[in-house]
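J.: Residue strings, one per chain:
Number of protein chains: 2
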Amino acid sequence: MDNKLNLKFKLWLEKDGKVFGEGPYQLLAGVESLGSLRKSAQRMNMSYSLAHKLIKSLEERLQYPLIERTVGGQGGGGSQLTNEAKHLMKQYDTFMNDAEVTLNKLFQSHFPEEKKDS
Amino acid sequence: MDNKLNLKFKLWLEKDGKVFGEGPYQLLAGVESLGSLRKSAQRMNMSYSLAHKLIKSLEERLQYPLIERTVGGQGGGGSQLTNEAKHLMKQYDTFMNDAEVTLNKLFQSHFPEEKKDS
Numbered sequence: 149m150d151n152k153l154n155l156k157f158k159l160w161l162e163k164d165g166k167v168f169g170e171g172p173y174q175l176l177a178g179v180e181s182l183g184s185l186r187k188s189a190q191r192m193n194m195s196y197s198l199a200h201k202l203i204k205s206l207e208e209r210l211q212y213p214l215i216e217r218t219v220g221g222q223g224g225g226g227s228q229l230t231n232e233a234k235h236l237m238k239q240y241d242t243f244m245n246d247a248e249v250t251l252n253k254l255f256q257s258h259f260p261e262e263k264k265d266s
Numbered sequence: 149m150d151n152k153l154n155l156k157f158k159l160w161l162e163k164d165g166k167v168f169g170e171g172p173y174q175l176l177a178g179v180e181s182l183g184s185l186r187k188s189a190q191r192m193n194m195s196y197s198l199a200h201k202l203i204k205s206l207e208e209r210l211q212y213p214l215i216e217r218t219v220g221g222q223g224g225g226g227s228q229l230t231n232e233a234k235h236l237m238k239q240y241d242t243f244m245n246d247a248e249v250t251l252n253k254l255f256q257s258h259f260p261e262e263k264k265d266s
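Protein chains in written order, with the numbering used here: chain V, 149 to 266; chain F, 149 to 266.
Think of the hints as simulated: they come from the structure by calculation, not from any bench. Hints are supplied without guarantee of correctness; some may be wrong.
All copies of an identical chain are treated as equivalent in the list; a pair is satisfied when it fits inside any one copy or across any two copies.
What the hints assert, rightly or not - Derived lysine-lysine pairs resembling DSSO-like cross-links, with alpha carbons at most 27 Å apart: (1) K152 x K201; (2) K201 x K166; (3) K156 x K204; (4) K187 x K152; (5) K234 x K152; (6) K253 x K238; (7) K238 x K156; (8) K253 x K158; (9) K163 x K238; (10) K158 x K234.
When you get a sec, could you build the whole thing from the sequences and use the hints?
T.: Here it is, written out as structure tokens:
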């Protein structure tokens, strides 16, 4: 049992409704590491058609492509991230990390009695 | 239609599960201004029994009282906040305001291309 009051938070980016958060980030990260949207969706227990719809909807709102198909090669083609997608992921990732550190510091300064034991 | 990417967030405090966020804050604020838990619950379209349960559960987790009954007087008694509740609300309120300002600044520094038109 945790006797301290802890800060919890959820951050996401919106443009005409929910657009980018942890789910899309993980889906794109999977495309990057697995070279395939199908495999990335599978790893998240998401159907390929839902993953495809999600990416299409994101691309429409952001107005740039996130994924491009790779053709041929040993694996018979797959998917890879566009430079724009890589840039967005990096921005999101560093922002999220900085936000977490900053929020926790701010929480400790406002709730000093909840400071973790050192 | 908003053409910018915007930051959205949700912050709350936890101690053995969800404990304090916007709902409890508004409920307590209503007790303070209306002098009655019943009236405060009513204003939020919450049943009195649910409001009462919520306060009891919060008090158990926080291990201090939030509301005390006032007896007698013209209105025949009601409820008011304890000093601990006032302190918690003040901490929460200033933390939330600072967090909002800080997160928005951080977002603009990480996503400079989404900066609001000035």
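J.: Hint by hint, which ones does the structure fall short of?
T.: 4
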